[in-house]
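K.L.:
What follows is each chain in one-letter form.
Protein chains: 2
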Amino acid sequence: MIAELLSVGTELLLGEIVDTNSAFLAQDLARRGVDILWSQRVGDNLGRVTLALGQALARSDAVILCGGLGPTDDDLTREAIAAVVGETPTVDPGLERTLRDRFLSYGMREMPERNLKQAWLIPSAEALPNPQGTAPGWFVRTTLDGAPRWLIALPGPPRELRPMWLNEAVPRLKLSPAALYSKTFKTHNIGESTVAERLGSLTDGANPSVATYAKRDGVQVRVAAKADTPEAAAARAASVESRVRELLRDRVWGEDDDELAAVILEKLSAKGQTLATMESLTGGLLGDLLTSVPGASAAYEGGVVAYREHQKAAFGVPQTLLETHGSVSAEAARAMAELAATRFESDYGLATTGVAGPGGSEGKPVGEIHLAVFRRVDGADTVRSLQFPPLERNWVRERAAFAALSLLWSVLSA
Amino acid sequence: MIAELLSVGTELLLGEIVDTNSAFLAQDLARRGVDILWSQRVGDNLGRVTLALGQALARSDAVILCGGLGPTDDDLTREAIAAVVGETPTVDPGLERTLRDRFLSYGMREMPERNLKQAWLIPSAEALPNPQGTAPGWFVRTTLDGAPRWLIALPGPPRELRPMWLNEAVPRLKLSPAALYSKTFKTHNIGESTVAERLGSLTDGANPSVATYAKRDGVQVRVAAKADTPEAAAARAASVESRVRELLRDRVWGEDDDELAAVILEKLSAKGQTLATMESLTGGLLGDLLTSVPGASAAYEGGVVAYREHQKAAFGVPQTLLETHGSVSAEAARAMAELAATRFESDYGLATTGVAGPGGSEGKPVGEIHLAVFRRVDGADTVRSLQFPPLERNWVRERAAFAALSLLWSVLSA
Chain A
1 MIAELLSVGT ELLLGEIVDT NSAFLAQDLA RRGVDILWSQ RVGDNLGRVT LALGQALARS
61 DAVILCGGLG PTDDDLTREA IAAVVGETPT VDPGLERTLR DRFLSYGMRE MPERNLKQAW
121 LIPSAEALPN PQGTAPGWFV RTTLDGAPRW LIALPGPPRE LRPMWLNEAV PRLKLSPAAL
181 YSKTFKTHNI GESTVAERLG SLTDGANPSV ATYAKRDGVQ VRVAAKADTP EAAAARAASV
241 ESRVRELLRD RVWGEDDDEL AAVILEKLSA KGQTLATMES LTGGLLGDLL TSVPGASAAY
301 EGGVVAYREH QKAAFGVPQT LLETHGSVSA EAARAMAELA ATRFESDYGL ATTGVAGPGG
361 SEGKPVGEIH LAVFRRVDGA DTVRSLQFPP LERNWVRERA AFAALSLLWS VLSA
Chain B
1 MIAELLSVGT ELLLGEIVDT NSAFLAQDLA RRGVDILWSQ RVGDNLGRVT LALGQALARS
61 DAVILCGGLG PTDDDLTREA IAAVVGETPT VDPGLERTLR DRFLSYGMRE MPERNLKQAW
121 LIPSAEALPN PQGTAPGWFV RTTLDGAPRW LIALPGPPRE LRPMWLNEAV PRLKLSPAAL
181 YSKTFKTHNI GESTVAERLG SLTDGANPSV ATYAKRDGVQ VRVAAKADTP EAAAARAASV
241 ESRVRELLRD RVWGEDDDEL AAVILEKLSA KGQTLATMES LTGGLLGDLL TSVPGASAAY
301 EGGVVAYREH QKAAFGVPQT LLETHGSVSA EAARAMAELA ATRFESDYGL ATTGVAGPGG
361 SEGKPVGEIH LAVFRRVDGA DTVRSLQFPP LERNWVRERA AFAALSLLWS VLSA
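As you go down the protein sequences, you meet chains A and B in turn.
Using this note's numbering, the letters of the first sequence map in sequence onto residues 1 to 414.
Using this note's numbering, the letters of the second sequence map in sequence onto residues 1 to 414.
Hints should not be assumed to be uniformly reliable.
You can't tell identical chains apart in this list, so a pair holds if it fits in one copy or across any two.
[Stated by the list, open to error] In the BS3-like style, the derived pairs of lysine-lysine whose C-alpha atoms are separated by at most 30 Å in a straight line are: (1) K215 to K117; (2) K183 to K117; (3) K364 to K267; (4) K183 to K226; (5) K117 to K174; (6) K226 to K215; (7) K267 to K183.
Think of the hints as simulated: they come from the structure by calculation, not from any bench.
Here chain A stands alone, though its shape is the one from the complex (with noise of 0.2 Å):
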């Protein structure tokens, strides 16, 4: 099957948003082993996209679109669907009942008029219900010059249409569930350019892939294979897989989907462990981070946010320590990462400390931070002072925060 695009909407050429469901629909049909050879974005213009709509649907099996399905009269991509398979759309009484229900639901007033647009509905498209919003998406099937075709119509806003996609769209569509392998192995402490070293001649292949991606939780190395079905795929990927998981044993902290932070909450909850923060330079991020994660409150007990120089003698960092060393130390890391585990009566605590910049702090340069861990049952701790390079200020600050969960990986691993 060859699948193609369509992203609808004039914000998008604008530049206003970046197209990031193209790349997750991209991602999860190369998983399945659909091709994709066009993509295209066009403005909310009726004629242009039904201009691309026909062009797409000429030369693709599956057109899937993106946005479009607000309630506005700028949303168009209803009306351009069904321009192209030529029938009217009509409301809808089944999706008009759920959408008013919604509105009730949600404690509003009644639905305005205009969002009865979403009730609408053409002969040959099936709604596609929308947990996360009150746009259905739409499931067409169709056909040209006998040949079948399919349109599927999903909502702009990424929460609403991945779900949409995985539940609704992929069963309809019974896609394969992998004819296309793949393995990504997540690392830290260690850069892109030496994964690359380890790896030698290994990048080189084509199936197996193997390719690596510098993220902001660290490199990603992903080994993919295709082949006619998945358990063919994965028997391909295997010798090429296993001699990257040897490669890079030391630096692996998960796989695929894991996240660091559940990781880390996970490995504490299985001890029955807990963890408390005391945080600087990442301000609240480290404890955003960790409490993202569902069931974050098994393992996190809480964090304290001691912003300015005066709060981090106020939780308890001695005063003489901080007129010694300064605030942005190996030494406040670590007395910081030991409050947090006495203030909360955890057994980790974890502390930030740094300066994010723009410009520098306490005669230190942007992009110095120090990193601490302490586990109260023995009085350890582990520090780590790094210099990252003085980019911009979030970047900084980002990177610390995972920097700070890689040493406690490291230390809850040992």
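Please arrange chain B on chain A, whose structure you already have, making use of the hints.
P.N.:
What follows is chain B alone, placed relative to chain A:
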């Protein structure tokens, strides 16, 4: 001028990278008054790149190609351009010298011969220097049926593409600095359809245009106008802009590049006042949003994340209050806001509590949230309780964090 973007690379169609170059170029072109009606992505296939390029050239004045300028056999942008304009690439001696020197200066061994491709040129192309990498761009002047056409080939890596576009391509295209005027109003406490109702027929216009966007920090309304000069464009937008401003006056917290956290910190700094937070639901996100602003420490003291149930009591929320009302309650939020202000000796305290899900808590449903602001000078408090739709965990947390900032903004602006 009408421009079209053509991103080249199989990795885009596999979803391995997100196409941020298109958003960057689109935004920059829009600012300069250039319309983009189409945007395409194609894989590393000479036939399809050539086909897409020919189609783009037929309907657009300028075609900007991103990617495909590397040294490998998969990098086919030069070949496609040469095919479309009917010329044959040859090695340019000047470019070859620069390229070989570049390799030497990188401290690398001799240039791999495959890189010689990066010294290719065709008669109608001018090379665009690339101080950030080895691939020069191409600036091609040609005609189609007597009408002038421009083809600009830029390298894929954003840190190479962006300066080449701004420093080399834009001056050659003689683009005006800005013939598009735009003003964005950022609102809170109002839904997209209510905004649309207030705006009425104002959204029907094309020039000036008025469009609404639902963003994570509230609904944005953008007024845009085009004209021959920046001044004329601003004049054209003026009356609609002031009507929109008037219609939304009570809901607007900022304009254009304003960020809610930054606006709040500025308000506080201007009065020499400070803020502290106590978070449960948002788990550090509120602190993160505030400290992502450069210079946040001028007004943000810090915060406490009292995530597990018993930590709220440990940090001073009265046990009787927790037993009577529960930790997900307006009363708990109020107590937390006061504790934040007292503990950090700040002028204001801001607190969040609620149920992020996936499951309910204390018999309260997912999406129930309580926010509070406490003002220390007079002990005044402002509490807001909301029921969000029971959507994805991090959607609820993010919306709650912005709702808390919105509440604080209202108190500071009263």
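K.L.:
Hints first: check each against the structure and report whether it holds.
P.N.:
Verification of the supplied hints:
no., hint, result
1, K215 to K117, "between (40 Å within a copy, 22 Å between copies)"
2, K183 to K117, "between (42 Å within a copy, 29 Å between copies)"
3, K364 to K267, "between (35 Å within a copy, 29 Å between copies)"
4, K183 to K226, "within (12 Å within a copy, 49 Å between copies)"
5, K117 to K174, "within (29 Å within a copy, 44 Å between copies)"
6, K226 to K215, "within (24 Å within a copy, 39 Å between copies)"
7, K267 to K183, "within (22 Å within a copy, 49 Å between copies)"
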